[in-house]
Amino acid sequence: MTEPIISVRGLRKAFILHNQGGVVLRVLNGIDLDVAAGECLVLHGPSGAGKSTLLRTLYANYLPQAGEIRIRHDGGWVDMVTAPPHRVLDVRRRTLGWVSQFLRVVPRVAAIDVVAEPLRTLGVAPDAARDRAAGLLARLRIPERLWSLAPSTFSGGEQQRVNLAHSFVHPYPVLLLDEPTASLDAANRETVIGLIDEARARGAAVVGIFHDAEVRRRVGTRVLEMREPAGGEVAA
Amino acid sequence: MTAETNRPLLRAEGVSKFYGRHVGCRDVSFELHPGEVLGIVGESGSGKTTLLNCLSAQLEPTAGHVLYDTRADGLTDVYRMSEAARRLLMRSDWGLVRQNPRDGLRMGVSAGANVGERLMAVGARHYGNIRSEATDWLSRVEIDADRVDDPPATFSGGMQQRVQLARNLVTRPRLVFMDEPTGGLDVSVQARLLDLLRGLVNDLGLSAVVVTHDLAVTRLLAHRLMVMKGGAVVETGLTDQVLDDPQHPYSQLLVSSILQP
Ligand SMILES: Nc1ncnc2c1ncn2[C@@H]1O[C@H](COP(=O)(O)OP(=O)(O)OP(=O)(O)O)[C@@H](O)[C@H]1O
Ligand SMILES: [Mg+2]
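In the order they appear, the protein sequences are chains B and Z. Position 208 (the first sequence) corresponds to 208 in the working numbering; numbering is contiguous. Position 181 (the second sequence) corresponds to 1181 in the working numbering; numbering is contiguous.
Bound conformation, chain B alone:
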C-alpha cells in the first residue's frame, strides 16, 4: 500500500458516566487502521458498535484514553490526540472534512453563507466562496429560492444536503462521513456517491459509515468490521 494519510494505532475510548453511578462504557478497545489516498474505508457493524464514536474520535471531537491518530498535514504528521488545540483546529480547517448527522449553524445565517463558511475561514474572497457554494447547492438540488434563507426551517433532507455542501465545498485531503446518504432520495444519493468518487479520484482518504448496502458496495474499497463492545461496568 502507498503511504497512508491516516494512521491509527492502539486507539482506546471509554465513556465514564460520572453522574450515572460511574458506569464505564468501553467502546473502542485497541483500534489500528491505515487509510491511503484514494481509499474509502467503510466502518461496519451493529448499532452501538462504536462506529460514530470512532469517527468522532478521529476528528478529535471525542477524547480517547490511549492510542495515536496521525494525519498527514502540511507535508508532516499531526497526532490529533496530543497536538495543541490551535494545531488540531488548523488540521480541521485545511485537511479534515467532516459530515455529521446534524447541521449546527448560527441562527439566521443564509444557507449559501453556511456553505461558504469553510472557504471564508480559509481566506477565500466572499464572492468566490459564494460562487463555489452556489455550485454545490445547485448540484445537491437545493432550489435557488432557499439559498438566502436560514436552514433551520428546512426539511431533514434539505438540511442534510446543506450539511453535505458545507463539507464538500473545500477539497479536503481527508473526509470523515457519518451516514451522509441517510434521509436522501435516490437522485441525491447518486449525487453524493458522485462527490465521494470525485474526492477519491483527486486523492482524498475517506472513512465513512453508510447504512445503505448499495452505497457501501459502490464507494467502499475496504471494510472495518466492528463488533458491539461488552456491556457496561461500574467503576470500582
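One should not assume that every hint holds.
Simulated restraints on C-beta separations [what the hints assert, rightly or not]:
id : chain 1 : residue 1 : chain 2 : residue 2 : range
1  : Z       : A1121     : B       : D185      : 41 to 49 Å
2  : Z       : D1027     : B       : D131      : 46 to 54 Å
3  : B       : W77       : Z       : D1077     : 29 to 37 Å
4  : Z       : A1063     : B       : S152      : 41 to 49 Å
5  : B       : P107      : Z       : R1131     : 32 to 40 Å
Here chain B is said to cover these stretches of chain Z; the calculated rule only asks that three of the stretch's residues, wherever they fall, bring their Cβ under 8 Å from a Cβ of chain B [said to hold, decoys possible]:
id : region
6  : 1055 to 1061
7  : 1190 to 1198
8  : 1215 to 1228
9  : 1243 to 1249
Because the hints were derived from the structure by calculation, they are not lab data. Computed from a prediction, not measured in an experiment: that's the story for all the values here. We put the CB at the ideal spot given by N, CA and C, even for glycine.
Put chain Z with the ligands on the given structure of chain B with help from the hints.
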C-alpha cells in the same frame, strides 16, 4: 485565522486571586493564539469574571503572571509594564466589552462620540476622519447612520451592546475581552450579535476571551472552552470536545442539564 503561529498572543501562568481567604480564581494557566476565541464557562460565582479582570490588566492577581505579546517587546508581563504602556495597550491593542453596556459606554454623549473617543485616545485628531470612521464602524455593527448623533441612553439593550462593540473595535484591537456579551438580550438579537462577532473574528483575525454562562453561545463562537468551578479550571479542550465528550463530573453535569448545547 488561517495563519498559524507558534507564538501565543496571551499567556496566563498560574494566575490566582484571593479576596482575603476567599478564592476568586486559583492557579489558572493557558495560552491563547492569534485568531483564537476562548470561552470561559461555569456556574455563577465560579470565578469567571475575576479571571477575566485579572487577564485584562484590571485586577492584579495575588499570584501568577499574565503575559501579552506586545508589538514592541514581545511577551511582556502586563502588571510589570509602566502604567502608561499598560494604558496604551488597553486603549489600542485590547478591547473590553462589559456585561452591562452602561459600564462600557458614556450614556449621555452620542453614539458617534462614544466610538470617536477611542480613536482620539490613540491620537487621531482630524475631526472629519474621526467622524467618518466612527460612522463606518457603527454601520458595520448595523447602527443606522441617522442614529449616530443620538446618545446610547435612547437605544435598546442590543443596540447599546453593538455600540460597545464598535467602540472597542474601531482601534482594530488584536484581543478583545468580553463578559457575557449576549447576556440580557433576547434570542434573535443574540443571534445577530453572534453572527456579527463570528464575521469579525474571521475577517479581522481577532482573538477573544469570552465569559458566558450560555453553552450554545460558546458552541458557535469559541474555538476552545475552559470550565471553571470554585475558582479552579476543572476541564479545558476544544469547544465541541468539551460539550460532546465532557470528562470532569462537573462538566458532565453542566452539559447534561441543558438542552442540545
Ligand atoms: N458522548 C457520549 N457519551 C457517552 N456515551 C456515548 C457517547 N457517544 C456514544 N456513546 C456510547 O458509545 C456506544 C457506541 O455508540 P456509537 O454512536 O458510536 O454507535 P454506532 O456504531 O455509531 O451506532 P449506530 O449504528 O446506531 O449509529 C453506545 O453505547 C453509546 O451509548
Ligand atoms: Mg452512528
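Right, here's what the structure says about each hint:
1. Z:A1121 <-> B:D185: 41 to 49 Å: With Cβ atoms ~60 Å apart, the hint is violated.
2. Z:D1027 <-> B:D131: 46 to 54 Å: Check passed, 50 Å falls within 46 to 54 Å.
3. B:W77 <-> Z:D1077: 29 to 37 Å: holds (36 Å)
4. Z:A1063 <-> B:S152: 41 to 49 Å: holds (46 Å)
5. B:P107 <-> Z:R1131: 32 to 40 Å: Check passed, 34 Å falls within 32 to 40 Å.
6. 1055 to 1061: violated (count 0)
7. 1190 to 1198: holds (count 5)
8. 1215 to 1228: With 4 residues in contact (Cβ-Cβ under 8 Å with chain B), the coverage given for the region 1215 to 1228 of chain Z holds.
9. 1243 to 1249: holds (count 5)
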